[in-house]
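Enquirer: Here are the chains, one letter per residue:
Protein chains: 2
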Amino acid sequence: MEGIQIEWVESGDIFLASPATKKILSQSLKVGVLFSGGPASGGNDVLAGLYHTLKKIHPDSELIGFLGGPFGLLENRAKKIELSDIEKHQKQGGFDLLGTGRTKLETEADYAKALSAIETLKLDGLVFIGGDDTNTNAYHLATHLEKANNRCTIVGVPKTIDGDLKSAYIETSFGFDTATRVYGELIGNISKDAISSLKYTHFIRLMGRTASHIALECALMTHPNLTYISEEVLNKKLTLKEVVEEVVELLEMRAKRGKNYAVILLPEGLIEAIFEIKVLLQELSRLEAKGGDKKDLSKESLTLLQSLPEDFQRMLLFERDPHGNVQVSKIETEKLLSLMVEKRLKEKKSEVSFNPLHHFFGYEGRCATPSLFDTTYSYELGCVSALLIRDKRSSTMASVKGLAGSPSTWRMQGVPLRLLMGQEERKGRVQAVIKKSLVDLGGPVFQKFKKERENWKLEDGYLSPGPMQLSNFLITNTLKLENKNFSEIP
Amino acid sequence: MEGIQIEWVESGDIFLASPATKKILSQSLKVGVLFSGGPASGGNDVLAGLYHTLKKIHPDSELIGFLGGPFGLLENRAKKIELSDIEKHQKQGGFDLLGTGRTKLETEADYAKALSAIETLKLDGLVFIGGDDTNTNAYHLATHLEKANNRCTIVGVPKTIDGDLKSAYIETSFGFDTATRVYGELIGNISKDAISSLKYTHFIRLMGRTASHIALECALMTHPNLTYISEEVLNKKLTLKEVVEEVVELLEMRAKRGKNYAVILLPEGLIEAIFEIKVLLQELSRLEAKGGDKKDLSKESLTLLQSLPEDFQRMLLFERDPHGNVQVSKIETEKLLSLMVEKRLKEKKSEVSFNPLHHFFGYEGRCATPSLFDTTYSYELGCVSALLIRDKRSSTMASVKGLAGSPSTWRMQGVPLRLLMGQEERKGRVQAVIKKSLVDLGGPVFQKFKKERENWKLEDGYLSPGPMQLSNFLITNTLKLENKNFSEIP
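As given, the protein sequences belong to chains Y and A, one line each in that order. Count the first sequence with the numbering used here and you get residues 29 to 518, in order. Count the second sequence with the numbering used here and you get residues 29 to 518, in order.
Just so you know, these hints were derived from the structure itself, not from any lab. Some hints could be false.
Note: identical chains are not told apart, hence a pair may lie in one copy or across any two.
Unchecked claim - With a Cα cut of at most 30 Å, we get these calculated BS3-like pairs of lysine-lysine: (1) Lys485 - Lys116; (2) Lys265 - Lys327; (3) Lys287 - Lys141; (4) Lys84 - Lys58; (5) Lys376 - Lys107; (6) Lys83 - Lys358; (7) Lys363 - Lys264; (8) Lys485 - Lys463; (9) Lys363 - Lys306; (10) Lys463 - Lys323; (11) Lys420 - Lys132; (12) Lys306 - Lys83; (13) Lys227 - Lys358; (14) Lys58 - Lys363; (15) Lys374 - Lys150; (16) Lys132 - Lys269; (17) Lys464 - Lys141; (18) Lys371 - Lys227; (19) Lys485 - Lys358; (20) Lys284 - Lys132.
Work out the full structure: start from the sequences and follow the hints.
Expert: Okay, structure coming up:
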């Protein structure tokens, strides 16, 4: 860890790390940290990097972990993190050392509670390990603390398996690498099963509700016969009928070649990317309370609803969450699609022999043992966070640049959170929020996929990456393709 | 591969390998091989061991692979396996080099077709790589060939991820080790997610319809809060209500300790192990054709059917396979159980916060990259098969003994198939079939599980094995506990 010899210099908007002077503080630091949102592999390594660096800055420094996510901050439920905790958890998956949660800081009362905890504990810094929502909260809290003349330094760390927290300043979030490797292994295994058993059509749904980075990366890793990317479906304004027809066409082309098996990937968000379904879901959510009357739907939505398999109709109409909302995340899109394909094949009296199998991969990849990339990267993010606090750079996100190159050439940075913010309407008012990064249909990753996917349809060029080997340093196709200096990789 | 220096000597019923004389044949061998049933990791290594040994026995020996399983034998669809095929597939998962299938050899006409293919190709030997059904077929074919004075040597290789093809003579089948490691990794990841997210109850169904070896091994690997073992459920004659009540009780005890999360494992076969459901399924299958009339059910079965969630009632009544049978393998037992638990919690006005998530792991583990144990063991099985053919020991199963010790002390054996046979009534007549090995409730594996499981209920002692590392030589808990000389492991 060379971070201790690094000084932060402001260069334009970004705080660049320059390995100039050794700067050890005469006073110790007391720093809080919390996990927020879904777990991602590497979280424990962020804590390790943070802990070790704080101790190097001053041996009496303390790291305090808030329990159960932001809720722990509001309630000041915390524990001191000891070296033994770090030794037990480093390089392991899971957020179980502290737990996590989805409580948001939204109201003045929330900020007051957070301020109170920070003051009570006399924190010099507070690190938010989370995604776009969490870092949005961190930004607003920092603004609030500044107004209140509290000098606690607020730092964000980019975490999300979805890979949608990235920008010109943040090359990737931690957790994406490991999650896609876990899913890639499973998809590879299933593809091998498809060409061994020769009779199953596998519909595999992957996590990723807004952005399809996971599905895109997994497609490049494993070369399935068909992959939906929500951003493209949205862009092309594909209807459900068109999506079904595309699968049917694929299966028929393959069957003609004697291949009654296939592997199809779809992101969790596909269901909402199909425009007419999104409208239907919105109308359903507006129907009053549970089991609202179908006849209040628009004619188009009613027709669409009635075209869906019965189980799905019932689910959409009657199975609401406690707030009366349609539970989109519970819709098994892979089954919906497969049932509609089956119906269409029957209508066409198709000769395709159709034996569908359904899979959903998500929770398996959030707490996996981190890849060597994720342990290394996350540890560095922890180091950067400690240095940002040492140097009182509040309202920043820890960042490491040059990730597609060798770790010895990585560069530590602090990015002001305001550079990552955009405007969004939420609950009727425009708010500053961290922008989610969607799949760029003109970008190098999607373009490579687009160029190659036609070959994957009929030829069975399935790749099977196998189990992640913890001593192999690899980077994702996404990171490689998005980064110009990938030729530097050792 | 020292097999070439091994001679087979008959000692009682078993052909023991004794590393005595070097015996290279003056004539080459032509050997057929086929995969049968579901894939299992290690199949390619069996081919590699077989190929290399045949070439050592005589450089002109040939290995012929039948395509698409036993059907390929009947139709004489075959290809010559080349060194390049072996090099490409060795240590990889999948049966894709040859494909597989579930065609059985049952009629006189089938045996005549098989004989015809064997005669046409002038095979000196034929290796069946498969489970209990496949090896039963191999046994009957060998008997048939003997009667027909054909001298082709028939050898079976024990393959199944289920782990139910074992006995005093066969310590384990190949594929069980890898499959349980893949599932164990995923269960471990999910358990970490449970103690990180602190709000989900995970119901995880695992492959294993007749025997629960997979669930038992995975439980010992990962220490979930609750695991059902079909053999025990059957033995205790548990009712569906009792099973539901046990889960409810667990969740309530945990909730009292502030733990609104849990991990529950169940084998695929659980549904049929619950006696009253088995009766219902049998009655339903007897109901005439599709959608048979509910009122023909017994009173008990009708009451049970009506107590099930609606979707399941509909599925059982109307969704039949092309032969009109209930599709037991399509029943999502993990969802059925979870819905019934939810209903019961509501009835009781329980304070448990219940957020169920459902998983099924099966196909992911059949074609995974084989573990070091499975590559080593499967390769040896291939070597033994070649030697059994060289020495004309027909109607035998290749076996390796002492697997819980170091591979350098493993002993090659050939076991006459008749020693593995039992009597079973199938289709109204008593037939000789290979006996399936179920979980022995008095055996050391179940006993260890029984001794420890109480501790797993409330304490969260989850273990997370992490991704399989291909250079680690490990053996399963099952093999270790069942084998006395496990202290020999290096």
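Enquirer: If a hint holds in the structure, say so; if it doesn't, say that too.
Expert: Okay, the hints, checked on the actual structure:
Taking the closest pair of Cα atoms, lysine 485 and lysine 116 come within 30 Å of each other only across two copies (23 Å); inside a single copy the shortest separation is 46 Å, beyond that limit. Taking the closest pair of Cα atoms, lysine 265 and lysine 327 come within 30 Å of each other only inside a single copy of the chain (19 Å); across copies the shortest separation is 53 Å, beyond that limit. In this homomeric assembly, lysine 287 and lysine 141 come within 30 Å of each other (Cα to Cα) only across copies, at 26 Å, whereas the closest approach inside a single copy is 62 Å. Taking the closest pair of Cα atoms, lysine 84 and lysine 58 come within 30 Å of each other only inside a single copy of the chain (13 Å); across copies the shortest separation is 69 Å, beyond that limit.
When the C-alpha separation of lysine 376 and lysine 107 is checked against a cutoff of 30 Å, the pair qualifies neither within a copy, at 63 Å, nor between copies, at 36 Å. For the identical chains of this complex, lysine 83 and lysine 358 are neighbours neither inside a copy (45 Å) nor across copies (56 Å), given an alpha-carbon limit of 30 Å. Taking the shortest Cα distances, lysine 363 and lysine 264 sit within 30 Å of each other inside one copy (23 Å), while across copies they are farther apart (36 Å). With identical chains, the CA atoms of lysine 485 and lysine 463 are never at most 30 Å apart, being 34 Å at best within one copy and 43 Å at best between copies.
In this homomeric assembly, lysine 363 and lysine 306 come within 30 Å of each other (Cα to Cα) both inside a single copy, at 18 Å, and across copies, at 27 Å. When the C-alpha separation of lysine 463 and lysine 323 is checked against a cutoff of 30 Å, the pair qualifies neither within a copy, at 38 Å, nor between copies, at 59 Å. Proximity of lysine 420 and lysine 132 under a CA criterion of 30 Å is satisfied intra-copy only: 25 Å inside one chain copy versus 74 Å between copies. For a Cα distance limit of 30 Å, the shortest separation of lysine 306 from lysine 83 qualifies neither inside one copy, at 51 Å, nor across copies, at 63 Å.
Taking the shortest alpha-carbon separations for lysine 227 and lysine 358, both the intra-copy value of 28 Å and the inter-copy value of 16 Å come in at or below 30 Å. For the homomeric pair lysine 58 and lysine 363, neither the shortest alpha-carbon distance inside one copy (51 Å) nor that between copies (47 Å) is at most 30 Å. With identical chains, the CA atoms of lysine 374 and lysine 150 are never at most 30 Å apart, being 68 Å at best within one copy and 45 Å at best between copies. In this homomeric assembly, lysine 132 and lysine 269 never come within 30 Å of each other (Cα to Cα): the closest approach is 38 Å inside a single copy and 40 Å across copies.
For the identical chains of this complex, lysine 464 and lysine 141 are intra-copy neighbours only, at 28 Å inside a copy versus 63 Å across copies, given an alpha-carbon limit of 30 Å. Only within a single protomer do lysine 371 and lysine 227 lie at most 30 Å apart by alpha-carbon distance; the minimum there is 18 Å, versus 37 Å between protomers. When the C-alpha separation of lysine 485 and lysine 358 is checked against a cutoff of 30 Å, the pair qualifies both within a copy, at 29 Å, and between copies, at 28 Å. In this assembly of identical chains, the alpha carbons of lysine 284 and lysine 132 lie at most 30 Å apart only when taken from different copies (27 Å versus 53 Å within one copy).
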